[in-house]
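Undergrad: Spelled out, the chains give:
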Amino acid sequence: GQQLNQSPQSMFIQEGEDVSMNCTSSSIFNTWLWYKQDPGEGPVLLIALYKAGELTSNGRLTAQFGITRKDSFLNISASIPSDVGIYFCAGVYNFNKFYFGSGTKLNVKP
Amino acid sequence: DVKVTQSSRYLVKRTGEKVFLECVQDMDHENMFWYRQDPGLGLRLIYFSYDVKMKEKGDIPEGYSVSREKKERFSLILESASTNQTSMYLCASSPDSYNEQFFGPGTRLTVL
Chain A
5 GQQLNQSPQS
15 MFIQEGEDVS
25 MNCTSSSIFN
35 TWLWYKQDPG
45 EGPVLLIALY
55 KAGELTSNGR
65 LTAQFGITRK
75 DSFLNISASI
85 PSDVGIYFCA
95 GVYNFNKFYF
105 GSGTKLNVKP
Chain B
333 DVKVTQSSRY
343 LVKRTGEKVF
353 LECVQDMDHE
363 NMFWYRQDPG
373 LGLRLIYFSY
383 DVKMKEKGDI
393 PEGYSVSREK
403 KERFSLILES
413 ASTNQTSMYL
423 CASSPDSYNE
433 QFFGPGTRLT
443 VL
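From first to last, the protein sequence lines are chains A and B.
Letter by letter, the first sequence follows residues 5 to 114 in my numbering.
Letter by letter, the second sequence follows residues 333 to 444 in my numbering.
It cannot be assumed that every hint is accurate.
[Stated by the list, open to error] One-sided and incomplete, this derived list gives chain B residues near chain A with beta-carbon spacing under 7 angstroms:
#, residue
1, Asn363
2, Gly374
3, Leu375
4, Tyr382
5, Asp383
6, Leu422
7, Asn431
8, Gln433
9, Phe435
10, Gly436
11, Pro437
12, Gly438
[To be verified] If you want the ones that stay clear, here's a sample from chain A, every Cβ over 12 angstroms from chain B, calculated:
#, residue
13, Thr28
14, Ser31
15, Gly57
16, Leu65
17, Gly70
18, Thr72
19, Lys74
20, Asp75
21, Ser86
22, Asn100
Simulated from the structure, these hints should not be mistaken for lab results.
Nothing here was measured: the structure is a model prediction, and the numbers come from that model.
All C-beta atoms in this analysis are idealised placements derived from N, C-alpha and C, irrespective of residue type, glycine included.
All chains should be built: construct the whole structure from the sequences, respecting the hints.
TA: Here you go:
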């Protein structure tokens with residue numbers, strides 16, 4: 005299947021720090037999605053990006069759809085303990101072709 | 333708000349048992365998906381369905397089957413459960429009209 009390279013695999017940061025993670029692919033996507041998964045729960049959609057170059061914010065979260073349509077990044081500013089979890093990117097061709105990154109595990113030290 | 337529900341949060345079954353995992357969505361979405369999630373392997377697509385009674389194999393369909401008799405319900409069936417099917421199973425749905433997929437809370441299945 006399609007490969008999405010998500011990095012970093014894990015991060016250990018201090019509360020209050022900013023965080024950045026990204027996904028890259030060799031293929032072009034029409035949509036990029038970012039999810040957060042809490043332990044023992046299903047992924048929850050954080051941000052959806054539909055247009056190359058688009059920059060979208062959701063509270064302390066900011067995500068961008070790369071100009072080449074082959075990458076996306078997610079930034080979290082001023083991290084707090086409840087940001088702990090696994091963050092996934094997904095690249096989408098169309099309504100039934102979703103490809104997921106392997107996840108970035110975020111740990112926040114109070 | 334989109335709601336995707338799964339019949340059980342935790343399930344323990346014995347090797348050889350037939351297992352049914354149920355998923356229901358309330359947003360009239362055309363597409364429904366079953367994934368399994370294992371540490372280090374990420375999300376792997378088992379099957380998806382783009383319409384009632386329609387299904388397509390994903391990346392790892394072996395040992396699984398699915399049923400979609402009604403638009404809102406998508407069932408995953410393990411014909412004869414094996415220990416290597418111990419995993420977290422996630423159901424998701426998406427509409428045709430825009431590219432977003434919504435997940436249920438997951439079912440953690442243990443096969444002894």
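Undergrad: Does each hint hold? Answer for all of them.
TA: Each hint, compared with the structure:
The beta carbon of Asn363 (chain B) is positioned within 7 angstroms of a beta carbon in chain A (closest approach about 5 angstroms), and the interface hint is therefore held. Restraint check, Gly374 (chain B) versus chain A: the minimum CB separation of about 4 angstroms is within 7 angstroms; hint holds. For Leu375 (chain B), the interface hint holds, the least distance from its beta-carbon to any beta-carbon of chain A being 4 angstroms, beneath 7 angstroms. Hint status for Tyr382 (chain B): holds, given a least beta-carbon distance of 6 angstroms to chain A, under 7 angstroms.
Violation of the interface hint for Asp383 (chain B) is found here, the shortest Cβ-Cβ separation to chain A being roughly 10 angstroms, above the 7 angstroms cut-off. Against a cut-off of 7 angstroms between C-beta atoms, the interface hint on Leu422 (chain B) holds, since the closest Cβ of chain A lies about 5 angstroms away. Checking Asn431 (chain B) against chain A by beta carbon gives a least distance of about 4 angstroms; that is within 7 angstroms, so the hint holds. The beta carbon of Gln433 (chain B) is positioned within 7 angstroms of a beta carbon in chain A (closest approach about 6 angstroms), and the interface hint is therefore held.
Using the Cβ-Cβ criterion of 7 angstroms, the hint placing Phe435 (chain B) at the interface with chain A is satisfied: the shortest such distance is roughly 4 angstroms. Because the smallest distance between the Cβ of Gly436 (chain B) and any Cβ of chain A comes to about 5 angstroms, under 7 angstroms, the interface hint for this residue holds. The restraint placing Pro437 (chain B) at the interface with chain A holds, with a minimum CB-CB distance near 5 angstroms, inside the 7 angstroms limit. Proximity of Gly438 (chain B) to chain A holds as hinted, the smallest CB-CB distance being about 5 angstroms (cut-off 7 angstroms).
Once the 12 angstroms rule is applied to beta carbons, Thr28 (chain A) is consistent with being away from chain B; the minimum gap is 15 angstroms. Once the 12 angstroms rule is applied to beta carbons, Ser31 (chain A) is consistent with being away from chain B; the minimum gap is 15 angstroms. Taking the minimum C-beta to C-beta distance to chain B, about 17 angstroms, the non-interface status of Gly57 (chain A) holds against the 12 angstroms cut. Every Cβ of chain B is farther than 12 angstroms from the Cβ of Leu65 (chain A); the closest lies at roughly 16 angstroms, confirming the non-interface assignment.
With 12 angstroms as the threshold on Cβ separation, the claim that Gly70 (chain A) sits away from chain B holds: the shortest Cβ distance comes to roughly 16 angstroms. Distance check on Thr72 (chain A): its Cβ is at least 18 angstroms (rounded) from any Cβ of chain B, clearing the 12 angstroms threshold; non-interface status holds. With a closest Cβ-Cβ approach of about 16 angstroms to chain B, Lys74 (chain A) is found to remain outside the 12 angstroms limit, as its non-interface label requires. Non-interface call for Asp75 (chain A) relative to chain B: holds, since the shortest CB-CB distance, roughly 17 angstroms, exceeds 12 angstroms.
Against chain B, the non-interface label of Ser86 (chain A) holds: every CB pair exceeds 12 angstroms, the least being about 18 angstroms. The Cβ of Asn100 (chain A) does not lie farther than 12 angstroms from every Cβ of chain B; its closest approach is about 5 angstroms, which violates its non-interface assignment.
Checked against the numbered hints given earlier, this structure breaks hints 5, 22; the rest are met.
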